[in-house]
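Sequence order for the protein chains is A and B. Numbering follows numbering that gives the first Met the number 0, in which position 54 of the first sequence is assigned residue number 53; successive positions increment by one, without gaps. Numbering follows numbering that gives the first Met the number 0, in which position 176 of the second sequence is assigned residue number 175; successive positions increment by one, without gaps.
Treat the hints loosely; a few may be bogus.
Every beta carbon over 10 Å from chain A, so not counted as near; a handful from chain B, in silico [what the hints assert, rightly or not]:
#	residue
1	Val43
2	Thr85
3	Gly287
4	Glu312
5	Gly344
6	Glu350
7	Ser363
List time: in silico DSBU-like cross-link candidates among lysine-lysine, alpha-carbon distance up to 35 Å [what the hints assert, rightly or not]:
#	chain 1	residue 1	chain 2	residue 2
8	B	Lys373	A	Lys78
9	B	Lys232	A	Lys78
10	A	Lys78	B	Lys3
11	A	Lys78	B	Lys285
12	A	Lys113	A	Lys242
13	A	Lys256	B	Lys333
14	A	Lys96	B	Lys373
15	A	Lys17	B	Lys333
16	A	Lys129	B	Lys232
17	A	Lys214	B	Lys333
18	A	Lys78	B	Lys382
19	A	Lys129	B	Lys382
20	A	Lys242	B	Lys90
21	A	Lys129	B	Lys333
22	A	Lys96	B	Lys352
For the record, the hints were derived by calculation from the structure and aren't laboratory data. All of these numbers come straight from a predicted model, not from anything done at the bench. Ideal Cβ positions, reconstructed from N, Cα and C, are used throughout, including at glycine.
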Amino acid sequence: MQWETVIGLEVHVQLATKSKIFSGASTAFGAEPNTQACAIDLAMPGTLPVPNEQAFRDAIMFGLAIDADIARTSMFERKNYFYPDLPKAYQTTQLEKPIVGRGHVEIELADGSKKSIRIHHAHLEEDAGKSLHEDFHGMSGIDLNRAGTPLIEIVSEPDMRSSEEAVAFARKLHSIVTSLGICDGNMSQGSMRFDVNISVRPVGSDTFGTRTETKNLNSFKFMEDAIALEVERQIEVIEDGGKIIQETRLYNGDTKKARAMRSKEEANDYRYFPCPDLLPIVFNDDYIEQIRETLPELPDARRDRFLSQYGLSHYDANILSGDANVARYFETAAGGDAKLAANWIMGELSARLNAEDIAIQECPVSAEQLAGMIARLVDGTISSKMAKEVFDAMWNGEGSADDIIEARGLKQVSDSGAIEALVDEVIANSPQQVDNYRSADEAKRPKMLGYFVGQIMKASKGQANPQQVNEVLLRKLNDLL
Amino acid sequence: MHNKTLADIIAGLNRGDFSSVEITRHFLDRIQQLDGQYNSFITVTAEAALASAAAADQQRANGSVPLFCGVPMAHKDIFCTNGVRTSCGSKMLDNFVPPYDATVVENFANAGAVILGKTNMDEFAMGSSNETSYYGPVKNPWDTNCVPGGSSGGSAAAIAARLTPAATATDTGGSIRQPAALCGITGLKPTYGRVSRWGMIAFASSLDQGGPMARTAEDCALMLNVMASFDGKDSTSIDRPVPDYSNYLNQPLSGLKIGIPKEYFGEGLNPGTEQAVRDALAEYEKLGATLVEISLPHSNLAVPAYYVIAPAEASANLSRFDGVRYGYRCENPKDLRDLYMRTRGEGFGEEVKRRILVGAYCLSAGYYDAYYRKAQQARRLIKQDFVDAFQQVDVIMGPTSPSPAFGFGAKGNDPVAMYLEDIYTIATNLAGLPGMSVPCGLVDNKPVGLQIIGDYFDEALMLNMAHQFQQATDWHQRAPEGLA
Chain A
0 MQWETVIGLE VHVQLATKSK IFSGASTAFG AEPNTQACAI DLAMPGTLPV PNEQAFRDAI
60 MFGLAIDADI ARTSMFERKN YFYPDLPKAY QTTQLEKPIV GRGHVEIELA DGSKKSIRIH
120 HAHLEEDAGK SLHEDFHGMS GIDLNRAGTP LIEIVSEPDM RSSEEAVAFA RKLHSIVTSL
180 GICDGNMSQG SMRFDVNISV RPVGSDTFGT RTETKNLNSF KFMEDAIALE VERQIEVIED
240 GGKIIQETRL YNGDTKKARA MRSKEEANDY RYFPCPDLLP IVFNDDYIEQ IRETLPELPD
300 ARRDRFLSQY GLSHYDANIL SGDANVARYF ETAAGGDAKL AANWIMGELS ARLNAEDIAI
360 QECPVSAEQL AGMIARLVDG TISSKMAKEV FDAMWNGEGS ADDIIEARGL KQVSDSGAIE
420 ALVDEVIANS PQQVDNYRSA DEAKRPKMLG YFVGQIMKAS KGQANPQQVN EVLLRKLNDL
480 L
Chain B
0 MHNKTLADII AGLNRGDFSS VEITRHFLDR IQQLDGQYNS FITVTAEAAL ASAAAADQQR
60 ANGSVPLFCG VPMAHKDIFC TNGVRTSCGS KMLDNFVPPY DATVVENFAN AGAVILGKTN
120 MDEFAMGSSN ETSYYGPVKN PWDTNCVPGG SSGGSAAAIA ARLTPAATAT DTGGSIRQPA
180 ALCGITGLKP TYGRVSRWGM IAFASSLDQG GPMARTAEDC ALMLNVMASF DGKDSTSIDR
240 PVPDYSNYLN QPLSGLKIGI PKEYFGEGLN PGTEQAVRDA LAEYEKLGAT LVEISLPHSN
300 LAVPAYYVIA PAEASANLSR FDGVRYGYRC ENPKDLRDLY MRTRGEGFGE EVKRRILVGA
360 YCLSAGYYDA YYRKAQQARR LIKQDFVDAF QQVDVIMGPT SPSPAFGFGA KGNDPVAMYL
420 EDIYTIATNL AGLPGMSVPC GLVDNKPVGL QIIGDYFDEA LMLNMAHQFQ QATDWHQRAP
480 EGLA
């Protein structure tokens, strides 16, 4: 039987606000445990939540970016469950009136086709702390620094039909929230976490199969692998005559294995009810329009601009516009020659970043440095070959391209008089080759240039501008015809 | 000395009749000598009180001082006090010392008040008799075989016994007004949002409101001037100017219309209580007001709606007491589940557990619509009754509680009988309206309270009406035998 995969995503996005959603404590990542949890975050008796306006602005920005309805009245509910890293024993979240209503996100697939993924809603909520089960000798440690960090949870419709679509959707969301500047997009620090709802059904069926939810995936690669694994498992279960149980699953990216966490029967009754400590929050049209006016450029618009402004290929424009940080880097580096900047970023730079597993924001070669190097390529000071050496040196922290060129004596000879002299010298020293060139068919002549170029470059110790050498050589040889 | 009202004490301090240390010591001595009989304090902060009294005297010697400078009073043990144990009447918080002050506490500190200690209360403010306190029941100074009412029974009893001239209190369903009535003192529950809830340990967040308790309306006005404030730390606090309540006390009452809800004079009302209330209403007519019979047709929904909404909110509010971060923790938990079950099983008393269970049940999947949602609908109807009534009248009056103070164990194992104690007070909490209780008589030598319900933010008018009544009568000056 042929099977179709059906995927829906729930995405938790940590908002990049400075303080928490209901307290003034800092949200900075990486502090000593429990140093960024105030009395409110600790749920001390008598403390009360006060909403952080920035979290609402961020959520509204997201809603506007996906063309969604923005709720004019926003309310919070309490979701009750006991866990040590949830200090109040309820999470303040939104159920009945989420701030962002229905919207949609367009994704583009490898074959160039486009698809619209519907967003069911997105709501604001607070993150929990972290339970640490290692290093405490059979006990658990609780770090409440993360408790109260604002999140938007984005819930898609089950519109995706393959892991490729799911990953494209996840990447697009990443691109949107980083472009808006409402999330730092740092997946390894948990700034975006994906819960994937997966089911399979016979191709042609119009009802959904029973779904499972694989929780807390924090890389696109893990997501792709986890989906493949779960789809395979579900098909196997069904083909063996079994039934899929609605359950929550955990995927371990290191072992590449998944396991069931709890079934629907064991699921909590969260006893949601409106939070009486927070009054409904009302946004008027002016407020929302003011936010709309501050919206930065979104990924699709940026891609179109990259196509027209920089004359990039569709492929290049897609890659460079997708990630807001990459796009920013590209635009800074593109001053001299956009095409060259694109090639360098997607080639050498990406390869190095991937190899060393660092984000472009932490790249040791700044976009300004790369622009400086490209300027020297464009003006012919250095050759492509020299540029690789300059790039390596910049990566190693040796300074600007100009400093490196100077220090290493990498100047390419572009002085036309000097190049003419070199060409003349090589022609004079190669009578046999010149004769061969003159007597050869015109079609074969271009291939015979290589010898002369090689000799000239050798004589210049590699510093002659190859393009200029080619031009001068061709002119002088043709003069001899 | 101990019969002085807050107004008397402020005047006496200003005149130099006595020092803050003298008056503070006087009340501390009384607490030490007499409170063994009443159990109205959980914690007495004698040393700190004397130190701040001495500082107040010094400050006074140096020049102008804030109004409450050196004036002794007490806080209900539901208000967090920085560095002073705040138990909320529960074993769960027997060891809890907050590192912060409630806004109400801070407001009184800024006004210069001297805090004698923390008063007893029903556990987590859940009760109408003060019998649910982990620290034992409070006894009514009018009859120590009787309850003082609750949950602010400690504050009420301490004032009635002249152990403190005034105290803060809170009211979720009647917890200021009912003990004020049963102890023969004056208490005011302000409009919801008028007094900050920051640092006031939550029972039912949408109903809880702090307010003053003292012997006179004049004193309650002085206290409300300090307590009422907009507070950015409480999102339900209302940003609205606070009038000087003392300025309105002497307005004439002529032309005012008093609504008398017929539903508040039906079955279950003690005849003596009814007579005292009717006499008080007649007094108001003498003062120039007109009585208008009105109807609050959904009054019968108040108790059932309240006993869904309040426990529902409480079930979530009290979930934080889990033994993980502060408060009581059971001995040697064998795992997480055991930690939760035993901590909460051992740390909470029976009434608190009952309400948590009721609340969790009302919010459960499949029951939410039948209970919680229905109760919210009832709440809207109750509120609308009042909105309609205030189209016709300026204030509403009736009994505060159905009968005077009852004996310990009288409501025994029937929680519903206890819940009916608040039958006349609960509706105002559901509507968010201000309510007040003023002494208006004695039945079998036990006090009766007249309830005054005002429109939103009409505390000044209520205090004015209460003050005028107290100018014409002396019920508020009566004291339990031997305590005057």
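In rising order, the numbers of the hints this structure does not comply with: 2, 4, 7, 10, 11, 15, 19 and 20
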